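Fit chain U to the known structure of chain W by using the hints.
Residue numbers (my numbering), protein chains in the order written: chain W, 14 to 536; chain U, 5 to 116.
Derived by calculation from the structure, the hints in this document are not laboratory data. Wrong hints could be hidden among the right ones.
Selected chain U positions facing chain W (in silico; Cβ < 8 angstroms) [claimed, not checked]: (1) Glu48; (2) Met49; (3) Gly52.
Restraint ranges, calculated between C-beta atoms of paired labels, are given here [as the list claims (entries may be wrong)]: (4) U/Asp99 with W/Arg319: 50 to 60 angstroms; (5) W/Arg319 with U/Thr87: 24 to 34 angstroms; (6) W/Glu531 with U/Thr30: 32 to 42 angstroms; (7) U/Glu26 with W/Ala430: 50 to 60 angstroms; (8) W/Ala331 with U/Thr111: 53 to 63 angstroms; (9) W/Ala430 with U/Thr103: 58 to 68 angstroms; (10) W/Ala331 with U/Ile104: 44 to 54 angstroms; (11) U/Thr103 with W/Asp317: 35 to 45 angstroms; (12) W/Asp317 with U/Asp99: 55 to 65 angstroms.
Computed from a predicted model, the values in this text were never measured in an experiment. All C-beta atoms, glycine included, are put in the ideal place defined by N, C-alpha and C.
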Amino acid sequence: MAVRSLFARCGLFFSVFLLVAFLASPSWAQVEGGRGLDASGLQKQVEKAHDTAESAALAGNNAWMLTCCALVLFMTAPGLALFYGGLVRKKNVLGVMMQCFFLMGLMTVLWALYGYSLAFSGADPWSSPPESFVDKDGNGQWSEGEPLTDDNKNGKWDAGVPNPAFNPYIGNLDNLFMQGVARTWDEEAHEPHTPMSDAIPSLTFMLFQGMFFIITPALICGAYAERMKFSTMVVFTILWGTLVYCPLAHWVWGGGILAFGGPYSVAGGALDFAGGTVVHISSGVSALVCALVLGRRLGWGHEDMRPHNLTYTVMGAAMLWVGWFGFNAGSELASDNLTSSAFATTHFAAAAGAIGWAFMEWLARGKPSVLGTASGAIAGLVCITPGAGFVNVMPALIMGAVAGIVCYFACGALKAAFKYDDSLDAFGIHGVGGTLGAILTGVFATRAAWDITENGTLLGLLEGGSVFWGQVVAAAITIGYCAVATFILLKILDVVMGLRVSQEGEVRGLDMNEHGEEGYIFV
Amino acid sequence: MKKVEAVIRHFKLEDVKNALSEQGITGMTITEVRGFGRQKGHTEMYRGTEYAVDFVPKVKLEVVVSTDNLKNVIDTVMRAAQTGQIGDGKIFVTDLADTIRIRTGETGEEAL
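Looking at chain W on its own, in the form it has when it is part of the complex (with noise of 0.2 angstroms):
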């Protein structure tokens, strides 16, 4: 993304460039009345004429990716938490909704003081050239020497140097309590400095990036839901984030070893839009070791654990939808024609999940429920959002559509086949789902949807292209990381801190025993 955003910056300086020119040019200020300008005025038009078309590209970007934070926050509470929270017993309606109210703040404070730097910090995984090599023609060449070169002609030295002094495991500490992020006092131009990421502010960026360091592990609630001691749960989730979310963010997105195309990366690297292998992966394979570590809810299978208020759920779905155009489609950083795109494929998913999901019950047993239809809009969702830039639209209702239907299985026979009690479907649906976008992106990821390479690189299997077994490997080693480190966690912890509330408690239900509070009062 930050390759595209500074080539199209280029085009639009130079845009206005031509237009500033044609207006100074001789056989215009003729007209004007003789009146030439010289060398140094044009010059300051062009700046002025420059300074104009960049805020304007700013505010309608920064508007756009700020609004998009507040989808994805919205997402985590209220959608996520109705969600979830109607598909629990009543007695543990708090608890679940507790769960990811709570991880907003909690999980807010760890991405200011070092969340943020551990994911995204580091220098560019690609070496810049040394300070002899200079654009001294200016024709955005670098003409010193050879190896380092721009090949691409995207701003990237990309002749195979990777900077050695960048670690492609982890961040750094450079972001730190949100320095380089925060606006600074310039003494030089005595006025406020905002740190810039690409086309938008690096605080909107840090703000995007922070909502789905929220909503991530807000995700893996529900594989432990109506049984985990919250105590216990927050140190969790603490550890988790740091150690399995950040690295993982860094991987994919911040140049590390699933990055596409990166020095470092395994297999070429993964192609990930808006979070298939970091957000959904992660959290539903997480979740899937959360249920087996901690085993079944007391009563699993023989008492009544129906969802205590759907209507809660379908609501919760329905914002959860909405909620997603600001993950998918806010996840171009900017505001541009792939970002419609983005937005379509993330609309038609979810469409032909619903759709799909709610035929297969009808075909299987007579009736579509509204549950399943809800959950199948969700598997849409979760399916495309790997692939929501990287495939067009009509592939995007095959893989909604095959979502709703392979979720489908998931959550019923699967989960009865083993017999593992991931109560609210954490796995059928994030896990399950996540990684077949992972795949299917790698089958219908198009150049025609965003040309990432910016050299007319094949992508997906369909066009002939080659990232197929980058998704894959790139999906294997982010079930594995996760499945591992979750596992190690929550052993460590049960040794701890004991990973699950009395089975008194459990009785009694989360909102009393944790909170000592209830639902429903209705006096």
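Relative to the frame of chain W, chain U by itself:
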């Protein structure tokens, strides 16, 4: 005086109420209840998982009647609440010691 408690199907409540009103019954109390008898429960499917619902929702209607009127009331309830299918419910009859109208202090059948 007798207290008649009838556990009936939800959709029959309106019929029973109207039939009793026609028989001159001026007051009754209803409660949403759950339970099972011979009908047993049923199963519901939520996202692929099947749950046995042992306690079936029913409506319990309570009406207090004079001993003379008892047979008439029971017949009325039976006629109005019957579908002939398992799950129509039951009628329980108990002796009632007294009834007091709080506003006036009237007691016995006067208070009905």
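So, as I understand it, the hint says methionine 49 of chain U touches chain W; can you test that by seeing if any CB pair is closer than 8 angstroms? Because about 6 angstroms separates methionine 49 of chain U from the closest Cβ in chain W, which is inside the 8 angstroms limit, the hint holds.
Could you say whether the range 58 to 68 angstroms given as a hint is met by the Cβ separation of alanine 430 of chain W and threonine 103 of chain U? 60 angstroms Cβ-Cβ, so the 58 to 68 angstroms window holds.
Does 50 to 60 angstroms hold as the CB distance between aspartate 99 of chain U and arginine 319 of chain W, or does it fail? violated (39 angstroms)
Residue hint glutamate 48 of chain U, partner chain W, criterion CB-CB below 8 angstroms: Holds, because the Cβ-Cβ distance from glutamate 48 of chain U to chain W comes to roughly 6 angstroms (cut-off 8 angstroms).
Return holds or violated for the Cβ distance of threonine 103 of chain U and aspartate 317 of chain W against the range 35 to 45 angstroms. With a Cβ separation near 38 angstroms, threonine 103 of chain U and aspartate 317 of chain W satisfy 35 to 45 angstroms, so the hint holds.
Looking only at beta-carbon atoms, does the pair alanine 331 of chain W, isoleucine 104 of chain U fall within the given range of 44 to 54 angstroms? holds (53 angstroms)
Beta-carbon spacing of glutamate 531 of chain W to threonine 30 of chain U - inside the hinted bounds 32 to 42 angstroms or not: Cβ of glutamate 531 of chain W to Cβ of threonine 30 of chain U: about 38 angstroms, so the range 32 to 42 angstroms holds.
Does the hinted range 50 to 60 angstroms hold for glutamate 26 of chain U and alanine 430 of chain W at CB? This hint holds: roughly 57 angstroms between Cβ atoms.
Is the gap between the beta carbons of aspartate 317 of chain W and aspartate 99 of chain U within 55 to 65 angstroms? violated (36 angstroms)
Is the hinted range of 53 to 63 angstroms satisfied by the C-beta distance from alanine 331 of chain W to threonine 111 of chain U? Between alanine 331 of chain W and threonine 111 of chain U, where Cβ atoms are some 57 angstroms apart, the hint holds.
The hint names glycine 52 of chain U as touching chain W; please verify it with the least Cβ-Cβ distance against 8 angstroms. holds (2 angstroms)
Hint check for threonine 87 of chain U and arginine 319 of chain W - Cβ pair distance inside 24 to 34 angstroms: holds (26 angstroms)
Of the numbered hints stated above, those contradicted by the structure are hints 4 and 12, listed in ascending order.
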